[in-house]
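Asker: Chains A and B are the protein sequences, given in the same order.
If you want our numbering, it's the 1-based position in the first sequence plus 890.
If you want our numbering, it's the 1-based position in the second sequence plus 890.
Hints in this document: simulated from the structure, not taken from any laboratory.
Yeah, the Cβ is synthetic: ideal placement off N, Cα and C, and Gly gets one too.
Just so you know, not all the hints are guaranteed correct.
Said to hold, decoys possible - Below, a sample of chain B positions facing chain A; criterion: calculated Cβ distance under 7 Å: (1) 974; (2) 977; (3) 1078; (4) 1103; (5) 1138; (6) 1140.
Number of protein chains: 2
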Amino acid sequence: MSSTMFVDRTAESGGGAVGDASTELPVPPWRKPRKSGRSAAARRPLTRELIVEAALRVLDAEGLDAVTMRRVAQELGTGPASLYAHFANKDELLEEMLDLIAAEITLPEPDAARWQEQVKEVAREIREVWRGHRDIARASLGTIPTGPNQLRIAEGQLAIMRAGGVPPRIAALALDSLGLFIDADVIEGAMMGEKGATNEEAHANVAVYLDQVRQYFTALPAERYPNLVAMVDELMRAGDDERFEFGLDLFVRGIASHARGIVSG
Amino acid sequence: MSSTMFVDRTAESGGGAVGDASTELPVPPWRKPRKSGRSAAARRPLTRELIVEAALRVLDAEGLDAVTMRRVAQELGTGPASLYAHFANKDELLEEMLDLIAAEITLPEPDAARWQEQVKEVAREIREVWRGHRDIARASLGTIPTGPNQLRIAEGQLAIMRAGGVPPRIAALALDSLGLFIDADVIEGAMMGEKGATNEEAHANVAVYLDQVRQYFTALPAERYPNLVAMVDELMRAGDDERFEFGLDLFVRGIASHARGIVSG
DNA sequence: ACCTGAACACCGTTCAAGT
DNA sequence: ACCTGAACACCGTTCAAGT
């Protein structure tokens, strides 16, 4: 309940539609534009919120590399210079995009008895939300959370671990390491499926690429790389959810062992 | 011994010096350039090796963002188009840079009795070599190793774990997860110190930035973020070696527990 | 205060033309 | 076969000028 307090999903209204009834009617040719060549989308004055939402639309449709000041401005029917009245630079825009996305993440009420499972739940939740927005994790990796929603999530993760009896030093280190691991996992996953506009195209491309890699590894000289060649099948399972669950389990076991001095199993 | 077989350190000769005796003498003004305005560096015909070495020089001096086809070409006294006779695109150049850097990594002979410590040793070695080349880890994260030196390292890691009795499936998952963690750690570390040409400048900038972050966290409303505020000191230790050792220890304990069914301690 | 056109100093990549 | 100048279609950011 209280965990959704700060959630803001305005970005999902997107698409530029004014209301439910407006289903992209053609503009009557006799109605001239009010002043100059401005597009309909540019009518409303710019705000930070409108800009972030436009950037998010570009991200979801085309990936982080497509999120340029020029492309976002185009989405709003204006030029790149106009954005600098609201954001000092592109990094500031990326930060706000990341926090708006972080708003989608919901947290459980800390339950001391279930803290290990809850740490995993939150990690999976962060991963899924990140994965829902292409390669946004690239903007998260290596940054210190400062936005309200990123702070809310960090606070929630710490609360769960502290409730479970994890000492402060261990909880802090775990928060940090786990964040690195989640971001890295999502970035790897996004890189695999980055080509191809549609999801089907991306899936097909990944399959073709992985098959080429498998052939390459199989053709490697076995006397030089005996383990690599022998373990092709195990190695090719990368990118799967299995890798993430494996690493996640390692982390939580380890945190628990640090918390209580010995592993319970 | 055999681990250094493929090592190639030619990149470290760098700087454009021809031999030990040539200590940057001024060019006599009466000696006209041989044909046109070509610089001395451009005299030798281009090869893939010369290009990769030039790119590595730019990387070490200015970071990965400075490694552009134009900047590398400039380093060689030519134009960007010339590089495309030797590399299909920038990604191919980055791959070869990464593999040349990976050549610096040395591996221990697998010792079944010490496999856990050896896994850690190799992880630390990879981290140190990556850290020695700015943010090159950004080019490693999310890519499948294909170059000879990257393959050599993966093979070595697998050999150590297999010698220690780690089952193939676990070894493959661990290799993958550990790679993600190392790359992410180095990227985070590099982002912290990315500003400032000299190391002293970078260090000073990081200190200033971290102090600002500390103040920001301390000023946060304690009723909303009780754990974050209470744990500022623990959280600010990020980027330190402690975080890496913590995560590394988690991984190795976890691998061992998967290998033998239960943790020995 | 907010917005804009034009410019500055860059990108990766291509291609016809040279040797 | 290798190299090049020039061009194409982009970048982030600044700034004087407009409203």
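Asker: I'd like to know which numbered hints this structure contradicts. Please list them from smallest to largest.
Answerer: 1, 2 and 5
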